[in-house]
Amino acid sequence: MRRNILIFIVSILTATSCRFFDSNRNLSREDFDIPDEIFEDKPLEVASEVIEDMIQNVSSPVEMAALIKGLKIPFNRDYIANTKEANNLNTNFQKAIGLGIYGADLGYINMYERTSLVINYITTIKTLADGIQVGQFFDFNTLSRIATNRENIDSLMLISQQSFNRIDGYLRETNRAQLSVVIIAGVWIEGLYLATRVAQDANHPRIDETIGEQKVIMSSLMLLLNNYKRDPNVASLIADFEEIQSLFKDVRITYEYGEPIPIEKDGVLTFQQNDTQTIIMSDETLKNIIKKVQSVRNKLLLG
Amino acid sequence: MKNICLIVLLSLILSGWSIKSFAQSEDDLIEICGMIAQDATFLKDFTIRLDAGDPPPTQRFSVILKKGIKYRFSVCNSNDYEGRVVLQLLDNNRLLATTYVVASGKDYPSIDYVCTKTGAYHLFFNFKEGKPGLAVGLLSLVETM
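For the record, the sequence lines run as chains E and H.
One point on numbering: in the numbering used here, the residue at position 220 of the first sequence is 220, and numbering is uninterrupted.
One point on numbering: in the numbering used here, the residue at position 68 of the second sequence is 68, and numbering is uninterrupted.
Keep in mind that the hints were calculated from the coordinates and are not lab data.
Source: prediction; values computed, not measured.
Treat the hints loosely; a few may be bogus.
Calculated cross-link-like contacts (lysine-lysine; reagent style DSS-like; alpha-carbon spacing at most 30 Å) [unchecked claim]:
no.	chain 1	residue 1	chain 2	residue 2
1	H	117	H	70
2	H	131	E	291
3	H	128	E	69
4	E	69	H	44
5	E	72	H	117
6	E	287	E	69
7	E	229	H	44
8	E	249	H	70
9	H	128	E	265
10	H	106	H	70
11	E	72	H	70
12	E	287	H	106
13	H	117	E	265
14	E	72	E	287
15	E	287	H	128
16	E	126	H	44
So that you can see chain E by itself, here it is in the shape it has in the complex:
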């Protein structure tokens, strides 16, 4: 008897649960007693510690520059932002985005060891950093000395990168993580801008692929930005970036997975990844992305 009751209950539960997932029936909000505040279009709330742990190294001033240089593409001063344009950047948001843009340019300059340009860029970066009260973390004096004396270029890279990391850390600690995310967005758009300029001039398939794979990076960046979309400036930046993101929808990325191979040589253990990534993107899509990225980046520099 007990067994029969149990079977009966299980049958009822199974039947009702199946009904719940009935695809022919459109479930609406009215079907459930859900408080209104849950339906309010609130931005995703993520604690700053979670943001900090979420994704790091989304964009660095060094990697894109290294990729470009690695393709033996010569330095081009026309690619980088004119420091005079920093005068257009007045609000904290604009200064943060500028900090990212000029930071990426500094990475490009450092990578090509154009020390004669460094002073101009670190002066601009220091001014922007002071503007959002993080200038103390930008080691201007050391960078200036290294650039002036043409000392070790590795130190220039190290201190520049450390300065940016310290600014990032301090902004997060002082509950200004949105500015940190805006700086990251600035670094990313400028890195991508540099790639688009190279793509126009050099017609190199690897650069085209680099542009296409930004689709992956952009989704992480948008996740970070969306957390602060209540800020009207960030919302406007998101709107601009969404125009780029909509173009990336036409980029298809496929993967083949393989086991990484460890190789030990001269005491150095290297793991060679064996995954393959294929980017499928039409010339038309690439052209549209290039056009849009350049227009968004130029707009940001207008303040």
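Once you've looked at the hints, dock chain H against the given chain E.
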């Protein structure tokens, strides 16, 4: 008696001072780690501070790695703690690289990783045998491929 007190006081101050001066700060560890990374270009540092535990507690960081770049992961332990750090690089659930190779029982202060797929990767740090520890991990760029 006065002299003895003075000597004791000075000894205490000096011993306190020396303990403080030998304690390794995170910045010291980053610097040491930078030396381990040699000529690779510094990108990011990670501080790992974990209490003792069984199973060993883990600290996780997510990073974006880019195709066509050889990265170097370096680790450096604080001498003030027992724990020896182990770094594992994962992509979803696949172990892609580690600083501790179980088969050989060998620890590597740094490992290189040649990335062929742009995307999010996860760094898992723990201390061997769940001992308490303080360590720094460094991500640097070796070269483009």
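So, going through the hints one by one against the coordinates:
1. H:117 <-> H:70: Given pair residue 117 (chain H), residue 70 (chain H) holds - Cα atoms ~12 Å apart, limit 30 Å.
2. H:131 <-> E:291: violated (54 Å)
3. H:128 <-> E:69: violated (40 Å)
4. E:69 <-> H:44: Satisfied, since the Cα-Cα distance of roughly 21 Å is no more than 30 Å.
5. E:72 <-> H:117: holds (22 Å)
6. E:287 <-> E:69: At roughly 22 Å apart (the allowed maximum being 30 Å), residue 69 (chain E) and residue 287 (chain E) satisfy the hint.
7. E:229 <-> H:44: Within the cut-off at roughly 27 Å; holds.
8. E:249 <-> H:70: holds (28 Å)
9. H:128 <-> E:265: holds (25 Å)
10. H:106 <-> H:70: holds (22 Å)
11. E:72 <-> H:70: holds (17 Å)
12. E:287 <-> H:106: Distance ~50 Å between residue 287 (chain E) and residue 106 (chain H) Cα, so the pair is violated.
13. H:117 <-> E:265: It holds: about 23 Å lies between the C-alpha atoms, which stays within 30 Å.
14. E:72 <-> E:287: Answer holds: residue 72 (chain E) to residue 287 (chain E) is near 23 Å, not above 30 Å.
15. E:287 <-> H:128: violated (51 Å)
16. E:126 <-> H:44: Satisfied, since the Cα-Cα distance of roughly 21 Å is no more than 30 Å.
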